[in-house]
Amino acid sequence: MTTWKWVFPISSIFVGFFSTVSPAWGKMNVLATTTDLAALARAVGGERVDVVSLTSGRQDVHFVDPKPSLIHQARRADALILVGADLEAGWLPPLLSSARNGKILPGAPGHVDTSKAVRLLDAPGARVDRSQGDVHPQGNPHHWLDPRNAAAAAHFIQARFARIDPEGRSYYKGRADDFERLIEKRLSEWQARLAPFEGRRVLTYHRSWDYFARRFGLVVAGELEPKPGIPPSAAHLAKLVRKIKDERISILIKEAHYETQSARFLAERTGLRIVELPLSVGGAPGVETYDQLIDVLTEKLRGAFQEAGG
Amino acid sequence: MSRFIAALAVFILSIGGMVAPVRAQSQTAPVSSGPRFLDLGVSGLFSGGGSSEPDSVTEVLQAGAHDPKGRGFTFQQVELSLGGAVDPYFRGDVFVILQLDRNGETHVEIEEAALTTLSLPHALQVKAGQYFTEFGRLNATHPHAWGFVDQPVVNSRMFGGDGLRNPGVRLSWLAPLPWFSEAIAGVQHPGGGTAVSFLNTKENESFAGHAIQDRPVRSFADMLYALRWLNSWDLSQSATLNLGVSGLFGPNATGSGNRTEIYGLDAYLKWKPVVTERGFPFVSWQTEVMARRYEAGEDKALLRDRGLYTQILWGFAPRWVAGLRYDWADGDDPEDPMRDRRRRISPNVTYYPTEFSKLRLQVNVDRPEHLNKDVYGIWLQAEFLLGAHAAHAF
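So the sequences go chain by chain: A and B. Residues in the first sequence are numbered consecutively from 691, following our numbering. Residues in the second sequence are numbered consecutively from 37, following our numbering.
Just so you know, these hints were derived from the structure itself, not from any lab. Hints may contain errors.
FRET-style restraints, in silico, Cβ to Cβ [stated by the list, open to error]: (1) A:ALA957 <-> B:LYS409: 53 to 59 Å; (2) A:ARG809 <-> B:VAL385: 41 to 47 Å; (3) A:LYS935 <-> B:TRP269: 49 to 55 Å; (4) A:GLU958 <-> B:LEU305: 36 to 42 Å.
Straight-line alpha carbon distances no greater than 25 Å define the calculated SDA-like cross-link-like pairs of lysine to any residue that follow [what the hints assert, rightly or not]: (5) A:LYS929 <-> B:GLU313; (6) B:LYS394 <-> A:GLU949; (7) A:LYS793 <-> B:SER217; (8) B:LYS394 <-> B:LEU305; (9) A:LYS793 <-> B:TRP209; (10) B:LYS394 <-> B:LEU422; (11) A:LYS806 <-> B:PRO124; (12) B:LYS394 <-> B:HIS428; (13) A:LYS717 <-> A:ALA842; (14) A:LYS935 <-> A:GLU945; (15) A:LYS793 <-> B:ALA164; (16) B:LYS336 <-> B:GLU371; (17) A:LYS793 <-> B:VAL122; (18) B:LYS306 <-> A:SER746; (19) A:LYS933 <-> A:ILE920; (20) A:LYS917 <-> B:PRO317; (21) B:LYS394 <-> A:HIS926; (22) A:LYS793 <-> B:ALA121; (23) B:LYS394 <-> A:PRO918; (24) B:LYS394 <-> A:ASP755; (25) A:LYS806 <-> B:ASP123; (26) B:LYS394 <-> B:LEU136; (27) B:LYS336 <-> B:GLY283; (28) B:LYS394 <-> A:ILE920; (29) A:LYS793 <-> B:SER268; (30) A:LYS806 <-> A:PHE753.
We put the CB at the ideal spot given by N, CA and C, even for glycine.
Make a model of the complete structure from these sequences and hints.
Right, dumping it as structure tokens:
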């Protein structure tokens, strides 16, 4: 009896061990730092991958805690897809050094830095320092908001998936090609939607909409943050009031996680319209895939421009 | 000596400047547009304030080596941090502390200098070198990352002013369980002023009235052994709970064959909603309970000490954090300032202009049994962080 009572606990430890070491037999375990990249990974990886996003679509990815549960997930990943350009610099390094997983460390095929697949805007050059705020020296990291960048990232992901899982090479290639075709087809539709408003000047809260604006012919005339990452001051808002009137700016694009007080201050004085837009997949109801995200963004903006008139 | 240190600091900084010319970042992590061979950071921590008691009393009550020590200004520390991937197998981290005492003398400490493996199989990780012992939460946290101006009373009593850190090696294992579960076992050198409960070999010192002898390390039994088991659960998308248990076993210097054991329990609960504005709001609650069993003198008299601190931090608006800490410690010796019954309450408020600077105002209401009266302290602290600084663990 005394020996038998140990059988169950010991065998359950072994069962637990093997079931967690290989949770999904045969499937590649993919982690993405954002829901957008998770959506791209699903589009490319299809049935051959299990994808988990480390953050939610409503979260500010600049400010994530490297919770132990994230280390737990990173330990077993075959690939980690990141936005790069130091967007995740505040929390990804401690995660990687605690995860004991060589497959996703920088330099390994499973470390998929999508900023390497696109041309980054706003690279400030060598003379940057922190008196200019939270400037990313490699360039603006919000690159996924240009659909052509998303297609480039999908191909970058496809090539890495093929290195990790060579048997799926043609499968991944085929799906990435399909994704690119879908994006190209929808892109002309999305561009047509915003074509009547080409050249319109908009304000943004944070410098997150430069890629989107460039693709769709809008001009970002300024930000509510006086410097990236620095909350608006009264003096800066007063300057913006004059700018909005002088340059006849009608729209402010703002993410939901920023305060609304400063935006309302400007709206009351100038008639500026505040458009709250999701920055990521999962950031608004019904935005489950990448093309749904761009669809919602272009549709909401068209509506806002029409209401603003002029 | 101090001129040499200054030259060394300038030299290190200029190397860092050459290796990584551009550094700006989001949160507290390294960024560079050039090759990333060495991440270099500097943090400075200063305070000013005063106590209702003269400095001779404050120096004893504020027992942390980097605590504010008296009326007027205290230079708490400058920390140089250097780190990066050594090669595909290791990362290396070095923390050098420069401290200016109240007599104007500069002191240098190698706080940590350790190699950590990056990708051992079976979820194992080895750390070797000089490092902070992973006992509870606060001991392994660098002072500039603390939520308060000074060190908790119980930490000063168990681990001394500088915290428990010594050369050694430790193995960590992430257990294959459905939640995060890390087991750590380490062995470290038991001697010196950074192991006060163990073979503290400082000259002319005593421990609770028992003379400290020169007791060399003779065998493996004389080493300091550290065990820790940390578990973490996400209670919801916005709440995380860490529970840890730690133990230390080693010799002490008040007699041949004398042993010390320290046990600890720690809990950390953090709430932070999914949608935050620049990481705010949040609430975190952190508590550590410790007990020490110390065989003192040739007759191996058993000294029992225990204590706890519990603290809550509330990030109530972007850039603003309010804190409240309660300290309690007791060692059944009403006359000894390091073993009497002590209670302290410390409310504070911190303003963070960015992640790289802070201003903190703290009040201490202290009731040490050996003084038999309340002691009041008020401290204003300022901090800056330059360059790259390793992001903090959760």
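Here's how the hints hold up against the structure:
no.: 1; hint: A:ALA957 <-> B:LYS409: 53 to 59 Å; in the structure: 58 Å, holds
no.: 2; hint: A:ARG809 <-> B:VAL385: 41 to 47 Å; in the structure: 45 Å, holds
no.: 3; hint: A:LYS935 <-> B:TRP269: 49 to 55 Å; in the structure: 53 Å, holds
no.: 4; hint: A:GLU958 <-> B:LEU305: 36 to 42 Å; in the structure: 41 Å, holds
no.: 5; hint: A:LYS929 <-> B:GLU313; in the structure: 23 Å, holds
no.: 6; hint: B:LYS394 <-> A:GLU949; in the structure: 22 Å, holds
no.: 7; hint: A:LYS793 <-> B:SER217; in the structure: 21 Å, holds
no.: 8; hint: B:LYS394 <-> B:LEU305; in the structure: 23 Å, holds
no.: 9; hint: A:LYS793 <-> B:TRP209; in the structure: 18 Å, holds
no.: 10; hint: B:LYS394 <-> B:LEU422; in the structure: 13 Å, holds
no.: 11; hint: A:LYS806 <-> B:PRO124; in the structure: 21 Å, holds
no.: 12; hint: B:LYS394 <-> B:HIS428; in the structure: 16 Å, holds
no.: 13; hint: A:LYS717 <-> A:ALA842; in the structure: 24 Å, holds
no.: 14; hint: A:LYS935 <-> A:GLU945; in the structure: 23 Å, holds
no.: 15; hint: A:LYS793 <-> B:ALA164; in the structure: 23 Å, holds
no.: 16; hint: B:LYS336 <-> B:GLU371; in the structure: 21 Å, holds
no.: 17; hint: A:LYS793 <-> B:VAL122; in the structure: 17 Å, holds
no.: 18; hint: B:LYS306 <-> A:SER746; in the structure: 18 Å, holds
no.: 19; hint: A:LYS933 <-> A:ILE920; in the structure: 19 Å, holds
no.: 20; hint: A:LYS917 <-> B:PRO317; in the structure: 22 Å, holds
no.: 21; hint: B:LYS394 <-> A:HIS926; in the structure: 23 Å, holds
no.: 22; hint: A:LYS793 <-> B:ALA121; in the structure: 15 Å, holds
no.: 23; hint: B:LYS394 <-> A:PRO918; in the structure: 19 Å, holds
no.: 24; hint: B:LYS394 <-> A:ASP755; in the structure: 19 Å, holds
no.: 25; hint: A:LYS806 <-> B:ASP123; in the structure: 22 Å, holds
no.: 26; hint: B:LYS394 <-> B:LEU136; in the structure: 20 Å, holds
no.: 27; hint: B:LYS336 <-> B:GLY283; in the structure: 21 Å, holds
no.: 28; hint: B:LYS394 <-> A:ILE920; in the structure: 15 Å, holds
no.: 29; hint: A:LYS793 <-> B:SER268; in the structure: 24 Å, holds
no.: 30; hint: A:LYS806 <-> A:PHE753; in the structure: 22 Å, holds
In this structure, none of the earlier numbered hints is contradicted; all agree with it.
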